[in-house]
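Chains as they are written, first to last, in this note's numbering: chain W, 1 to 326; chain C, 1 to 326; chain X, 1 to 492; chain V, 1 to 288.
No lab work stands behind these hints: they were computed from the structure. Just so you know, these numbers come straight off a predicted model, no measurement behind them. Take these hints with a grain of salt, some might be off.
In silico lysine-lysine, BS3-like type, Cα no more than 30 Å apart, as pairs [as the list claims (entries may be wrong)]:
| # | chain 1 | residue 1 | chain 2 | residue 2 |
| --- | --- | --- | --- | --- |
| 1 | C | K193 | X | K442 |
| 2 | X | K339 | W | K193 |
| 3 | X | K80 | W | K193 |
| 4 | X | K385 | W | K193 |
| 5 | V | K7 | V | K263 |
| 6 | X | K109 | C | K193 |
| 7 | X | K161 | X | K205 |
| 8 | V | K129 | V | K233 |
A short, non-exhaustive set of chain C residues, derived as facing chain X with CB atoms under 7 Å [what the hints assert, rightly or not]:
| # | residue |
| --- | --- |
| 9 | G50 |
| 10 | F194 |
| 11 | G206 |
| 12 | P208 |
| 13 | G215 |
| 14 | V218 |
| 15 | Q219 |
| 16 | L220 |
| 17 | L270 |
| 18 | S271 |
Backbone N, C-alpha and C define an ideal beta-carbon position, used for all residues, glycine too.
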Amino acid sequence: MVAIDITEQGRPSGVWLRRLAGATGPLLGLLALCVFLSFATDAFLSLRNGLNILDQITVLGIMAVGMTFVILIGGIDLSVGSVLALAMMVMGWTANVAGMPLGVGIGVALIASAVSGLIVGLLVTIFRVPAFIATLAMMSAARGVANMITDGQQIVGFPDWFMMLAIDRHFGILTATVFLMLVVVLIAWLFLKFRSEGRMLYAVGGNPEVARLAGINVQLVTIGVYVISAVLAGLAGIVLAARLDSVQPSSGFGYELDTIAAVVIGGTSLSGGAGGIGGTLIGVLIIGVLRNGLNLLNVSPFLQQVIIGIVIVLAVGAETIRRRRA
Amino acid sequence: MVAIDITEQGRPSGVWLRRLAGATGPLLGLLALCVFLSFATDAFLSLRNGLNILDQITVLGIMAVGMTFVILIGGIDLSVGSVLALAMMVMGWTANVAGMPLGVGIGVALIASAVSGLIVGLLVTIFRVPAFIATLAMMSAARGVANMITDGQQIVGFPDWFMMLAIDRHFGILTATVFLMLVVVLIAWLFLKFRSEGRMLYAVGGNPEVARLAGINVQLVTIGVYVISAVLAGLAGIVLAARLDSVQPSSGFGYELDTIAAVVIGGTSLSGGAGGIGGTLIGVLIIGVLRNGLNLLNVSPFLQQVIIGIVIVLAVGAETIRRRRA
Amino acid sequence: MTEPVLSLRGISKRYGPLQVLKNVSLDVYAGEVVALLGENGAGKSTLSGIIAGSRAPSEGTMTWLGQPYAPATPREAIDKGVVLIHQELQLLPELSIAENVFIGRWPMKNGVIDRAEMVRRAQEQLSRLNLHIPATRKVAGLSTANQQLIEIAKALALDAKLLILDEPTAALGGAETEALFNQVRKLRSEGVGIVYISHRMEEIKQITDRIVVLRDGVRVQEFADSATPVRTIVESMVGRPLERMFPPLPEPSGRPVLQVSGLTSPARSFRDVSFEVQSGEILGIAGLVGAGRTELVRAISGADPISSGTVKLNGEELRLRSPADAIAKGIVMVPEDRKDQGIVVTHRISENVVYPNLDMFGRRWITAKMKRTFAEQAISKFGVKGRAEQYASDLSGGNQQKVVIAKWLMRDPKVVILDEPTRGIDVGARAGIYDIIVNLAKKGVAVIVVSSDLEEVLGVSNRILVLAQGKQAGILDREEANDVSVMELATI
Amino acid sequence: HAAEVKKLGLAVANLQANFFNQIKQAVEDEAKKRGIEVVTVDAKGDGPTQVNQVQDLLTQNVDALIYIPAGAAAATVPVKLAKSAGIPVVNVDRNAEGAPGDTFLATDSVTSAKAVCDYILKEAGGKGKMVIIHGQKGTTPEVDRSKGCAQSLKAYPDVKVVAEQYSNIWSQDEGFQIMQNMLQANPDVSIVFAQADALALGAAQAIKVANPSQKIVVGGFDGDTAALEALSKGVFNVTATQQTQKMGRDAVANAVKLVAGEKVPPVQLMDATLTTKENVAGFIANHP
Ligand SMILES: Nc1ncnc2c1ncn2[C@@H]1O[C@H](COP(=O)(O)OP(=O)(O)OP(=O)(O)O)[C@@H](O)[C@H]1O
Ligand SMILES: Nc1ncnc2c1ncn2[C@@H]1O[C@H](COP(=O)(O)OP(=O)(O)OP(=O)(O)O)[C@@H](O)[C@H]1O
Ligand SMILES: [Mg+2]
Ligand SMILES: [Mg+2]
């Protein structure tokens with residue numbers, strides 16, 4: 001009855017900053033951090049260090065994309081670190097023990113991750129197990145399986161081309177793995193921002209009942225999101241394997257908190273329905289720059305812990321103060 | 001005039017099981033676990049093993065009480081493990097380095113914990129930092145400070161009476177530390193159930209705006225709860241020191257997830273406003289019995305991880321299935 | 001009357017650039033009921049919130065019993081005897097009814113909560129409202145109407161000297177409303193000052209002594225006599241003459257679109273319901289609160305499962321496993337509870353309007369501009385007072401309701417079900433919604449309107465299905481339907 | 001009291017560390033050969049967890065306990081618990097000050113670390129800039145290995161230590177990041193001592209990525225399975241291979257002796273063998 005008018009018209013779009021939604025505070029925090037570090041140490045402000053930081057955040061960045069999806073729908077995924085390890089071990093086993101080509105190993109690893117995510121998704125939707133519990137259980141179980149594959153041993157030695165993915169800086173700039181992360185981030189951003197499936201995540205996170213009544217298949221969306229998160233964790237595992245040229249079942253221990261932290265620092269709300277990839281990227285960068293900078297400054301490890309705590313609070317608290325002023 | 005609404009008369013209330021609110025499933029899970037273990041291994045069903053299990057859950061139990069409060073108001077506390085370590089180191093330093101009586105050390109340690117909790121509370125209320133971030137920051141900072149006290153070294157050697165608190169089984173049954181845990185649990189249960197301040201936690205967790213409009217000082221309640229949680233974490237640290245007869249800054253690493261898991265397994269909702277101490281006790285026992293039982297069964301460590309994951313899901317999923325039947 | 005208990009002088013309220021209240025003054029005396037009227041978004045709830053200490057005014061002063069009065073928190077207001085029943089339900093679903101009634105001020109004995117006393121007193125309050133539910137029951141799962149009554153009981157349990165009721169009857173049926181009015185009259189006779197907010201004009205006549213009208217945040221008029229003709233009051237509210245409430249109904253085409261037969265819910269909250277709705281027809285569904293109307297329409301729209309019976313659309317039997325199935329077939333529903341089912345309050349209007357229509361964008365990229373343009377069409381068509389980028393939580397209740405309706409009518413549905421469509425909607429806008437309903441029917445849509453407002457069902461329906469305790473009591477034609485015949489069926 | 005060992009308790013610090021995992025496997029193999037049942041528990045690095053696990057082992061009436069302490073430093077309580085249950089304890093790798101086990105098997109970390117540092121400092125020509133990637137700060141191995149390397153450094157006044165950083169969980173990923181950042185701050189580094197093989201492997205990888213013009217000598221510690229293979233490919237230069245197989249075998253043998261009432265020395269230190277590309281092949285074939 002009512003014709004949809006989807007022509008591009010309307011007011012001039014918002015100030016660029018507004019696109020970042022709740023992440024302006026963290027962005028300011030990130031900028032302040034960078035400015036401070038540039039003055040405090042010569043080593044910080046250089047192309048090479050910038051590329052190093054990108055290298056260092058690749059794994060976290062890829063996982064944080066999946067975690068953003070999960071948190072957007074009001075969920076949580078504690079299993080990412082273990083799924084990462086599982087994927088690594090499956091890949092290593094397939095390639096080096098079963099002797100298949102590494103490409104096959106990568107495929108099998110991603111499938112194993114997807115299955116983990118599927119199990120979590122089914123537990124959350126069909127069996128109504130709270131996401132926290134379902135992913136906590138998967139965190140334990142996937143780690144156990146990862147360990148059992150080689151009885152806790154690491155596997156080393158992959159083809160050279162594989163390691164080169166994380167080493168070779170094409171055109172002197174980007175390694176394949178960093179490029180992969182950037183592509184993942186970009187696709188996720190476009191997906192969330194402009195695709196109807198992406199908008200569904202916001203609806204589900206905002207209020208699942210409203211979403212269901214609006215004809216959105218909440219269960220399917222939920223399952224899909226946990227699968228994506230797990231597959232991205234698996235992908236991060238493969239990147240890590242390339243980076244370390246080895247796989248070990250203890251990899252990714254404790255990564256879940258780092259990943260959730262990056263997402264939440266980036267302004268995505270733990271209660272779901274608000275936030276986005278832009279903020280997550282900032283959150284990931286804050287963590288990456290902070291660790292890099294503190295090491296460059298040669299700050300003692302214990303003091304680093306204190307400073308990291310303070311900076312995280314400042315970056316997020318800045319948002320509150322900014323809003324209060326406005 | 002208005003006919004009595006039959007559907008809303010409700011079932012006969014007061015069934016004993018219903019008191020446990022959402023924890024009936026987990027309770028059944030716990031019982032099933034105990035029955036299974038009694039048949040599967042001779043070593044399980046004995047007074048001595050029962051007392052061992054109580055010993056083993058003391059630290060987790062005390063922390064889980066504080067965490068229950070926090071989760072009831074819809075918050076989360078990731079800092080408990082670090083605050084535990086901080087309290088241990090403060091106690092150790094005061095007693096063994098500064099040379100004061102151990103009693104003073106304990107007092108100072110509890111004060112240090114309370115201050116950590118107060119800082120978190122203020123960040124959450126006044127600066128509106130999400131609880132996840134505020135406590136994550138405190139987790140990092142408190143660990144750093146705990147490490148800095150002795151530059152990462154442990155402190156050993158406390159008076160004999162102190163260690164005896166965790167070892168001496170009075171009347172052949174309870175150690176002082178287990179007794180302390182039971183007292184903490186009992187007080188917390190009474191407090192939540194019968195004190196108006198306790199009910200306020202449910203109101204704040206159910207809907208902070210409703211609580212505010214009803215005249216409840218939400219900020220004060222919130223700050224109070226984070227202080228209680230931190231003090232109980234500190235108390236758990238002192239118990240742990242007695243148990244280990246030493247303090248080290250790496251203690252309590254990763255305990256936050258265990259503690260949250262115990263509370264959530266016990267049926268307290270992560271979105272706040274529903275749950276209670278009874279459930280938490282069950283959650284703590286499930287974790288304790290499970291670990292104990294798997295060791296007694298001589299299950300290999302890696303397989304244990306898988307089984308723990310599965311049992312946790314079953315314990316919580318049972319609740320869903322039970323509800324669906326009803 | 002002597003001194004007013006409460007007087008407001010020059011109260012203004014701004015949200016950023018938006019001025020919501022402008023220089024409002026008001027006196028309330030002991031033992032009177034003042035009606036506060038105005039369109040959706042006129043500022044009634046805002047003013048109530050200021051009086052009750054939950055929001056601060058930007059300018060102006062208040063006096064309470066002759067003393068300067070500026071409550072910083074709701075607690076201060078409650079302690080002074082100023083009590084507000086909020087427009088939105090303020091209950092804690094996981095707690096018992098009794099605990100909700102005494103929230104924050106639980107009766108104590110020996111330092112612990114006196115549960116027996118609490119339950120006893122809560123039960124007493126409930127029975128004053130004719131609500132016979134055990135006070136020990138959890139609030140979760142109660143119908144909206146019963147929750148509203150608990151909300152009222154909560155206020156009655158406080159020792160109020162001034163009671164503000166912000167649309168207390170929006171979710172209530174006639175019987176519950178009458179029970180409420182008895183309590184209001186009792187309080188008035190005890191010398192309590194009462195401010196009464198409602199969009200139901202017939203109630204205003206019944207219960208209020210004096211009428212104050214707000215328009216766009218300005219106090220425009222006062223009628224000292226509640227016998228003032230409704231038309232005059234309404235014109236003062238909307239600022240223009242209002243011709244009529246109900247538009248003439250179209251003739252149904254005679255071609256059945258929706259055929260329901262033998263429909264029964266698993267919980268048997270409705271049983272063996274059969275009816276059909278023709279293209280171009282408006283079927284009203286009436287009944288007492290709890291009769292099962294909501295469950296019935298939720299089942300038809302795929303939101304709840306059915307245990308037996310069939311739903312046919314244009315002769316084709318439907319398998320409805322989810323709302324998505326129903327929507328795909330062209331059956332859409334406007335749910336009764338907007339806050340929990342109709343709208344994501346923390347999201348923008350534009351987002352909310354887009355959610356049920358995501359499929360209309362197909363595989364295209366959805367830009368912010370597209371969403372805004374889409375939403376702007378919807379809100380301008382249905383006269384929502386608000387902008388597309390506004391957050392739903394910043395809209396007045398009535399405007400939120402309009403958004404919920406508007407988001408569905410951007411599609412091309414075959415069957416439109418509206419459950420309590422005008423809950424909380426002002427008279428002017430209500431006429432607009434009736435126009436929308438009738439226009440839908442004129443375009444050949446089959447429309448179902450569920451309402452507890454008898455005047456409304458009678459006014460917009462070609463036929464009226466009456467449910468009584470889940471059973472189909474009968475279907476009345478327009479000619480035979482009136483207050484008496486409907487109520488007779490509803491109460492068997 | 002001459003008794004026989006039927007059931008052996010093995011409390012491992014952290015199976016995620018290759019070093020401990022190797023010992024565990026050696027213990028289990030040796031026990032199998034002797035027809036002894038082993039109950040293995042893994043504390044995942046947490047001291048209190050280990051106390052619980054030792055309690056559970058005692059509940060199962062093990063005849064002897066092989067105890068690899070978890071946590072930054074050895075806790076005394078497991079030994080005390082076992083003693084009060086009348087069960088002999090073989091400590092491996094770490095020993096608690098107040099409550100030593102009946103015997104203690106370990107690598108002489110100080111000496112071996114000195115050997116590793118001697119090798120890399122000499123290899124680098126006795127001069128240049130050096131960085132040290134420590135293990136988890138304050139832990140016994142970290143302290144001992146730092147001590148050993150410091151002794152070695154005294155003989156090389158021309159070597160300047162320009163940066164020292166600490167890992168938290170001894171992981172390869174940490175080694176990578178720490179080294180990457182160190183190279184950023186000090187591009188002309190030529191000597192690296194990483195206090196564990198995982199850290200060394202990470203550091204070597206970071207060096208490979210940075211592709212510096214100068215040659216960088218990297219030394220590790222432990223003799224992890226994967227590290228030995230890497231060594232054979234020249235990924236890094238030297239490590240000290242701890243005799244994990246021997247430790248595992250000896251642990252079982254000592255437990256048997258203790259239960260049988262025989263006397264064993266309270267401390268049995270063994271050397272870690274300096275391992276380079278030249279002699280690594282033997283170790284890969286047959287881990288000591
Ligand atoms: N937090 C807020 N921020 C911005 N605008 C607001 C906010 N709260 C209310 N408003 C605006 O204030 C105006 C008055 O709202 P109010 O809720 O007082 O109206 P009302 O008279 O109660 O309407 P209704 O009859 O629909 O309940 C509305 O236009 C609304 O959009
Ligand atoms: N979520 C729920 N859980 C349990 N019972 C419910 C729930 N929702 C409604 N009921 C009960 O089901 C019965 C039918 O309620 P329903 O809401 O369909 O009635 P209605 O005729 O639409 O009346 P109204 O909507 O005006 O309250 C009522 O007794 C109600 O209390
Ligand atoms: Mg209002
Ligand atoms: Mg209804």
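**Asked** Does F194 of chain C pass the interface check with chain X, least Cβ-Cβ distance below 7 Å?
**Response** holds (4 Å)
**Asked** If you draw a straight line from the CA of K129 of chain V to the CA of K233 of chain V, is it 30 Å or shorter?
**Response** holds (25 Å)
**Asked** Is it true that the CA of K339 of chain X sits at most 30 Å from the CA of K193 of chain W?
**Response** Given that 30 Å is the threshold and the Cα spacing comes to 25 Å, the pair holds.
**Message:** Holds or violated: K161 of chain X and K205 of chain X, Cα atoms, limit 30 Å.
**Reply:** Within the cut-off at roughly 23 Å; holds.
**Prompt:** How about L270 of chain C: closest beta carbon in chain X under 7 Å, or not?
**Reply:** violated (13 Å)
**Prompt:** Does the nearest C-beta of chain X fall within a distance shorter than 7 Å of the C-beta of G215 of chain C?
**Reply:** With Cβ-Cβ at 3 Å, under 7 Å, it holds.
**Item:** 30 Å limit on alpha-carbon distance, applied to hinted pair K385 of chain X and K193 of chain W
**Value:** Roughly 27 Å between the alpha carbons, so the hint for K385 of chain X and K193 of chain W holds.
**Message:** Does the closest beta carbon of chain X sit nearer than 7 Å to the beta carbon of Q219 of chain C?
**Reply:** violated (10 Å)
**Restraint check for K109 of chain X with K193 of chain C, where alpha carbons must lie at most 30 Å apart** = Roughly 14 Å between the alpha carbons, so the hint for K109 of chain X and K193 of chain C holds.
**Request:** Answer holds if the nearest beta-carbon of chain X is closer than 7 Å to that of V218 of chain C; otherwise answer violated.
**Result:** With Cβ-Cβ at 10 Å, over 7 Å, it is violated.
**Message:** Can you confirm whether the C-alpha distance between K80 of chain X and K193 of chain W stays at or below 30 Å?
**Reply:** Not satisfied, since the Cα-Cα distance of roughly 50 Å exceeds 30 Å.
**Message:** Less than 7 Å between beta-carbons is the criterion; does L220 of chain C satisfy it with respect to chain X?
**Reply:** Cβ of L220 of chain C sits 11 Å from chain X, so the hint is violated.
In summary, the structure is inconsistent with hints 1, 3, 9, 12, 14, 15, 16, 17, 18 from the numbered list given earlier, while agreeing with the others.
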